[in-house]
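With the hints as constraints, model all of the structure from the sequences given.
Quick mapping for you: the protein sequence lines, in order, are chains A and B.
According to this note's numbering, the first sequence holds residues 114 to 410 in order.
According to this note's numbering, the second sequence holds residues 420 to 840 in order.
If you're looking for bench data, these hints aren't it; they were derived computationally from the structure.
Just so we're clear, the structure is a prediction, and the values are computed from it rather than from any experiment.
We put the beta carbon where it would ideally sit given N, CA and C, even for glycine.
Possibly wrong hints are sitting among the right ones.
Stated by the list, open to error - Result set (DSSO-like, lysine-lysine): computed pairs, CA atoms no more than 30 Å apart in a straight line: (1) A:127 to A:365; (2) B:427 to B:478; (3) B:693 to B:704; (4) A:134 to B:423; (5) B:427 to A:134; (6) B:503 to B:691.
Said to hold, decoys possible - Derived DEER-like restraints, expressed as beta-carbon distance ranges: (7) B:585 to A:229: 17 to 23 Å; (8) B:819 to A:166: 33 to 39 Å; (9) A:355 to B:426: 37 to 43 Å; (10) B:426 to A:146: 44 to 50 Å; (11) B:790 to A:147: 57 to 63 Å; (12) A:322 to B:746: 21 to 27 Å; (13) A:360 to B:428: 21 to 27 Å.
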Amino acid sequence: MALFRTAEIIKASKLPPEGVKLSRMIDAVYFLPIAYLGVFATFHMHFDLLAGDWDFWVDWKDRQFWVTVTPIVEVMYPGAIMYYFWTFYRQPFGATLSITGLLVGKWITVLFAWYWWANFPANFVMPATMVSSALILDCTLLLTRSWMLTAIFGVWAFAMVFNPTQYAIFGYSHQPLVVDGQLLSLADYMGFTYVRTGTPEYIRIIEVGSLRTFGGHTVWISAFFSAFISMLMFTIWWQIGHFVGQSFFWVKGRRGVMSRKNDIMIVGTDEFAARHGTPDGVAPRLSGGATLAEGKS
Amino acid sequence: MNAKNIFKLCVIGSLGMATLGLTLVFNASPAAAHGERSQEPFLRMRTAQWYDTRWNPQKTAVNDEAMLSGKMHISEDWPRAVVKPNRTFINVGSPSSVFTRLSSKVNGTPMFTSGPMELGGDYEYVIKLRGRLPGHHHIHPMLAVNGAGPIAGPGGWMDIQGNYKDFTNPAKLLVGGTIDTETAGLAVGLFWHILWGGLGFAWIGWFMIRPMFLIRARVLAQEGGDALLNDPVDRVVAFGMLGVVFVLIAIGFFVTDSQYPYTIPLQAGEPKIKATHLRSDLTVKVLAADYDVPGRALRMTLQVTNSGEHPLRIGEFTTAGIRFLNKVGVANNMDPDYPPEIMAVDGLHVEDESPINPGESKEIKIDSRDSLWEVQRLMDLVHDPEQRFGGLVMSWDESGNRHINSIAGNIIPVFTRASAS
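Here is the structure:
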């Protein structure tokens with residue numbers, strides 16, 4: 114027994130063997146050079162413009178704003194990308210693709226801009242990772258097959274696991290030390306010791322002692338807040354994906370009337386040719402070959 | 420798209436790739452300074468007035484300590500165009516972190532975060548550095564002002580010799596043990612990034628090994644296609660992946676928590692630094708000043724009164740970190756290590772060189788004349804929206820005691836030699 118339903122799916126696609134082979138070539142060309150690189154480049158730019166500073170420096174990674182801002186910004190692009198891959202292909206890797214792409218971009222920046230060019234140590238400029246959150250989001254979509262349930266449960270978990278995931282990477286930087294009689298975290302000291310124009314703390318937007326009424330549980334309050342806003346952002350960006358990702362054709366009929374065809378898969382079939390004619394010089398295929406519509410009950 | 424168009428795109432793409440490649444082959448030459456001359460004169464002359472700056476030693480080795488120190492007077496005539504220094508930070512202007520900063524004290528108070536400074540206040544800073552990246556570096560003290568940006572002080576050259584690979588920056592932790600800030604947490608961070616990245620790519624790869632787009636789109640368009648694409652094995656893998664993700668997050672969190680039981684949040688306090696004030700027996704008032712554009716000179720007419728007990732002689736005028744001295748200044752305040760490119764040892768001319776005697780009040784004319792006005796782009800003063808200048812006038816008594824006055828006033832440009840009489 115086969116592991117996957119691949120054979121059934123290929124059969125249902127009614128593509129001839131050469132069509133199947135061609136589709137795999139299209140997969141390779143479309144996915145890696147176009148979809149992946151396109152997403153990683155644009156998402157990287159999007160993230161750096163909205164939340165970049167929190168992910169550049171270890172002394173920006175506070176328990177209030179970093180925890181709030183990062184998931185909100187990182188859920189936006191995946192929302193639109195997930196819409197596209199899920200709606201048109203039922204592929205549940207939109208979030209993982211976006212966020213691994215973002216990380217590829219971030220690491221290129223870390224290695225080439227910060228480490229190689231500007232000579233900062235890599236640990237000082239190490240980015241956060243939200244691949245764990247992305248996997249939760251994709252798995253939720255696959256299992257629920259509902260963007261609404263994904264927005265409610267998946268996105269909530271997406272934001273809530275941000276801090277525990279990062280703690281494994283950046284926990285060390287919150288160890289205390291004393292310099293010149295003043296208590297600092299290691300992250301503060303690293304921000305101080307590595308000379309840069311951006312050192313004064315007023316440039317950073319970090320917690321300066323608010324949220325006192327919540328008993329000091331700043332990080333979890335921030336994560337909750339972030340989760341709610343992330344839900345909203347995911348929904349908005351899913352709809353942006355819907356708006357941008359619409360596929361349709363304007364077709365000129367036999368009597369010269371333009372009409373919108375939302376079923377793009379029908380274009381090129383015999384049924385389409387029978388209804389709308391064929392372009393000049395192209396003879397309609399008059400064989401009894403199957404049409405897509407035959408599969409419909 | 421025909422073959423010709425494809426060929427055109429290939430040529431354009433190849434040129435683009437070649438351009439990117441060339442940027443790696445022809446590396447940019449090292450920066451020799453930090454654009455301090457591009458800061459407007461009013462910003463350099465009337466905000467932080469730097470003096471007694473020292474780069475010590477000027478030659479050091481990787482891991483060895485050095486000091487950047489000096490004094491700074493916050494001008495009373497702070498420009499309207501610049502946000503007041505309510506939140507400031509003494510920084511170091513350097514090409515990347517060629518030194519690490521070990522400590523920074525302003526008037527004896529450690530300055531890790533920003534704090535307010537007082538108009539008319541005087542501040543002495545001592546910044547302890549450790550050589551990190553070998554090379555010949557241009558180092559400035561720098562005052563960062565919230566809302567106004569960094570204001571560069573005078574730049575001096577410091578050499579670091581040795582090998583970067585030998586550099587370490589140990590920091591002693593409060594809970595015991597020492598950590599090297601160059602490598603702390605790096606291995607653990609890389610481990611988690613590789614692990615999560617690997618899982619992410621494995622998840623995508625799980626769907627890449629099967630038809631991804633065209634075939635699925637055709638099936639999805641059919642009645643029943645959605646159900647067919649809902650492969651049960653994918654659901655099992657998704658449940659498994661969720662389990663793995665949550666378990667890994669829990670392991671990472673609790674192991675780290677047990678490893679570092681004592682942690683603190685990022686600190687964002689504020690140092691309370693008490694200003695000192697300049698002391699001088701001399702009272703100086705600017706009666707008139709003009710800037711001789713062709714002659715490259717600032718000419719001042721000052722009303723000076725000596726209320727002390729000793730005769731005083733004016734020996735130096737310093738502004739924007741640039742020093743103009745005469746014989747008195749050279750005799751009393753000549754630092755042979757001060758960068759010669761920002762010092763004019765014969766740049767100050769006092770019309771009446773007789774001392775200002777105790778109780779005496781007189782009008783004197785001072786002329787600070789040197790090509791530095793042009794080289795350091797202070798002649799751009801004439802293009803400022805507010806035609807005022809500022810600086811420090813230094814005078815000495817016979818015992819070598821220094822008296823410093825901060826001056827400021829309107830300035831009139833003189834554009835032609837004909838009118839520069």
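Here is how each hint holds up against the structure:
1. A:127 to A:365: 27 Å, holds
2. B:427 to B:478: Violated, because 55 Å separates the two Cα atoms, which is more than 30 Å.
3. B:693 to B:704: 27 Å, holds
4. A:134 to B:423: Holds, because 27 Å separates the two Cα atoms, which is no more than 30 Å.
5. B:427 to A:134: 28 Å, holds
6. B:503 to B:691: Distance of about 17 Å is within 30 Å: holds.
7. B:585 to A:229: 17 to 23 Å: Holds: the Cβ-Cβ distance is about 19 Å, inside 17 to 23 Å.
8. B:819 to A:166: 33 to 39 Å: Because 50 Å falls outside the window, the suggested range is violated.
9. A:355 to B:426: 37 to 43 Å: 38 Å, holds
10. B:426 to A:146: 44 to 50 Å: Violated, at about 19 Å.
11. B:790 to A:147: 57 to 63 Å: 58 Å, holds
12. A:322 to B:746: 21 to 27 Å: 56 Å, violated
13. A:360 to B:428: 21 to 27 Å: 25 Å, holds
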